[in-house]
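Engineer: With the working numbering, the residue at position 133 of the sequence shown is 183, and numbering never jumps.
In short, the hints are calculated from the structure, not lab data. Some clues are possibly wrong.
In silico SDA-like pairs for lysine to any residue, Cα to Cα no more than 20 Å straight-line [to be verified]:
no.	residue 1	residue 2
1	K233	P262
2	K304	N239
3	K304	F203
4	K233	V81
5	K159	G109
6	K233	W210
7	K233	D207
8	K159	P184
9	K304	A205
Only a predicted model underlies this, so the values are computations on that prediction, with no experimental measurement involved.
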Amino acid sequence: TTWWAASPIVKSLCPPMFAVSLFFSSIGCGVPVINSRIVGGTAATEGAWPWQVSLRWMGSHICGGSVIQNEWVVTAAHCFKRWVSPLSLYLGILFSNGINPINVTRHLKSIFIHPDYINFDQGNDIALLQLDAPVNYTELILPVCLPTQNSTFSAQDNCWVTGWGNIREGVLLPSPGILQQVKVPIVSNADCNVMYQGETVILSDMTCTGYPVRGKDPCQGDSGGPLVCQSSTNGSWILAGIVSFSDGCAKAGKPTVYAHRSRFYHIPQTSSQPSSPKEDYF
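All chains should be modelled from the sequences, with the hints used to inform the complete structure.
Structural biologist: Given below as structure tokens:
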């Protein structure tokens, strides 16, 4: 069995216990200005997923992330486990190693890892990243919507996962590294537990996706990236999960597991912005 989660690069820069609250500006979320996708394909188009972020260590992509506010990104906690090192965030890009018309780069001001996180397969695999400077929203950089406490997602929803990870196990995404996208069906936690047959326990703060036969799913390097589902009421895209781990890549009967607990994302919609963490978030 080959379990994967992204190679962890950076340890937490924050105290072990903390509370964070985020506040949004009045700009809409989850609605790309450029709304073009290749149905059933793999290559994304520019601006199709404007919340997608590339986390890079020494210039190399290690994890994905999602813009949720103009100075905040959410990703997986397991991306920050080994040692403190230079980490950059690239926003508004389509190519991981090609020429992008817009290439907005930020560094980290703070890293907030969920206080109950121990290991990716034990839940709470979520981290908040505060940028060293806010970004300006453009057609290529926009926030994804966050779920409410009561948000639920099912196999009937239109859900996609995106990233620059391996195209299959052990095979890197070829140059120029165009952002990959794939439509995935939600698998219920009960079914996901049955499929894993006790190899791992799918907890209540996890979500699964996958196909009954070998199909398409995230792989190494996609960790921390977004699983988004489209709202049936207004068409906006909602962050349904954060890529966490899987047994191999796109194996039949081995769903990908995502961090998901809607209370993590239930953030007041207000134009106020905190200068420092001050209220409960986790």
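Engineer: Each hint should be assessed against the structure and marked as holding or not.
Structural biologist: How the hints compare with the structure:
no.	hint	in the structure
1	K233 - P262	holds, 14 Å
2	K304 - N239	holds, 12 Å
3	K304 - F203	holds, 19 Å
4	K233 - V81	holds, 17 Å
5	K159 - G109	holds, 18 Å
6	K233 - W210	holds, 4 Å
7	K233 - D207	holds, 10 Å
8	K159 - P184	holds, 11 Å
9	K304 - A205	holds, 16 Å
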